[in-house]
Amino acid sequence: MNTKSHDHHTVKTDFNRGIRIRNFLIIMVAISLSASLLLGLKTNTGTTSLMELDSKSIPLEVAVSNMKPSIVEFYAGWCTVCQKMAPDIAEFKRKYGSNVNFVLLNVDNTKWLPEMLKYRVDGIPHFLFLDKKGETIGQSVGNQPHTIMERNLQALVKGDSLPYVTSNGDFSQFSTSIVPLNSEYDPRSHSSQIIK
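Take the sequence shown: its letter number 110 is residue 110 in our numbering, and every next letter is one higher.
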């Protein structure tokens with residue numbers, strides 16, 4: 001009976017030791033994962049936020065009057081393309097910020113409605129390239145590949161024509177009066193919008 005009791009005690013001790021080792025390993029893994037997550041959050045520079053860029057951007061009034069060329073981005077916090085481009089914009093700001101004003105304007109802020117109308121912002125991100133006098137020399141809308149945006153910025157710094165944008169220029173005015181095709185009510189006609 002004594003050997004049986006001794007064997008049972010040994011098994012119980014080995015079992016408790018195994019549980020302690022397992023618990024120790026779980027604690028060590030939890031600590032290392034927590035430390036990795038904390039370090040990752042503190043050192044993650046690739047996820048520059050739009051709000052952070054906006055808060056550090058130059059006010060539009062200053063940008064159009066300080067005799068430096070500017071890039072103005074109309075953006076929204078919910079815009080996935082804007083979010084995707086934020087790290088590139090942050091990189092360009094670090095690289096060209098001494099020679100170019102970087103201005104971010106949130107389209108959800110009604111304060112910028114006059115500028116959205118003036119520059120005909122109908123898609124975001126919408127980039128305006130302004131010369132040293134604050135005059136628009138080009139614009140582009142949507143996702144811009146890194147190399148194309150950088151070439152535009154290099155040209156902006158040098159005062160050269162921008163290689164990859166739609167320039168503002170003369171355009172033809174188009175107007176027409178809408179006349180209903182028949183007098184019957186057509187639910188697709190949106191009759192309140194028809195000019196007779």
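Rather than coming from a laboratory, the hints here were simulated on the basis of the structure.
Note that this is a predicted model, so its numbers are computed, not measured.
Don't take every hint at face value.
Subject to a maximum C-alpha distance of 20 Å in a straight line, what follows is the list of computed PhoX-like cross-link-like pairs (lysine-lysine) [stated by the list, open to error]:
no., residue 1, residue 2
1, Lys132, Lys68
2, Lys84, Lys158
3, Lys158, Lys133
4, Lys133, Lys68
5, Lys84, Lys68
6, Lys118, Lys133
7, Lys68, Lys95
8, Lys118, Lys95
9, Lys132, Lys158
10, Lys84, Lys56
11, Lys111, Lys56
12, Lys56, Lys95
13, Lys95, Lys158
14, Lys68, Lys56
15, Lys95, Lys132
Hint check:
At roughly 5 Å between alpha-carbon atoms, Lys132 and Lys68 fall within 20 Å of each other, so this suggested pair holds. The straight-line distance between the Cα atoms of Lys84 and Lys158 is roughly 27 Å, outside the 20 Å bound, and the hint therefore fails. A C-alpha spacing of about 14 Å is found between Lys158 and Lys133, which places the hinted pair at or below 20 Å, so the restraint holds. Distance check on the hinted pair: Lys133 and Lys68 sit about 8 Å apart at the alpha-carbon level, within 20 Å; holds.
Annotation: proposed proximity of Lys84 to Lys68 is violated, straight-line Cα distance about 27 Å (limit 20 Å). Among the hinted pairs, Lys118 with Lys133 is consistent with the structure: their alpha-carbon atoms are about 17 Å apart, no more than 20 Å. Of the pairs offered as hints, the one joining Lys68 and Lys95 holds, with about 15 Å between alpha carbons and a cut-off of 20 Å not exceeded. Using a Cα cut-off of 20 Å, the hinted pair Lys118 and Lys95 is violated, with the two alpha carbons roughly 29 Å apart.
This hinted pair checks out: Lys132 and Lys158 have alpha carbons roughly 11 Å apart, not beyond 20 Å. Note on Lys84 and Lys56: the hinted pairing holds, with a Cα-Cα distance of about 18 Å set against a maximum of 20 Å. Proposed proximity of Lys111 and Lys56 is supported: the alpha carbons are some 18 Å apart, at most 20 Å. Pair hint Lys56 plus Lys95 holds up; C-alpha atoms about 15 Å apart against a cutoff of 20 Å.
Proposed proximity of Lys95 and Lys158 is supported: the alpha carbons are some 14 Å apart, at most 20 Å. Among the hinted pairs, Lys68 with Lys56 is consistent with the structure: their alpha-carbon atoms are about 17 Å apart, no more than 20 Å. For a cut-off of 20 Å, the pair hint linking Lys95 to Lys132 stands: about 18 Å separates their Cα positions.
Checked against the numbered hints given earlier, this structure breaks hints 2, 5, 8; the rest are met.
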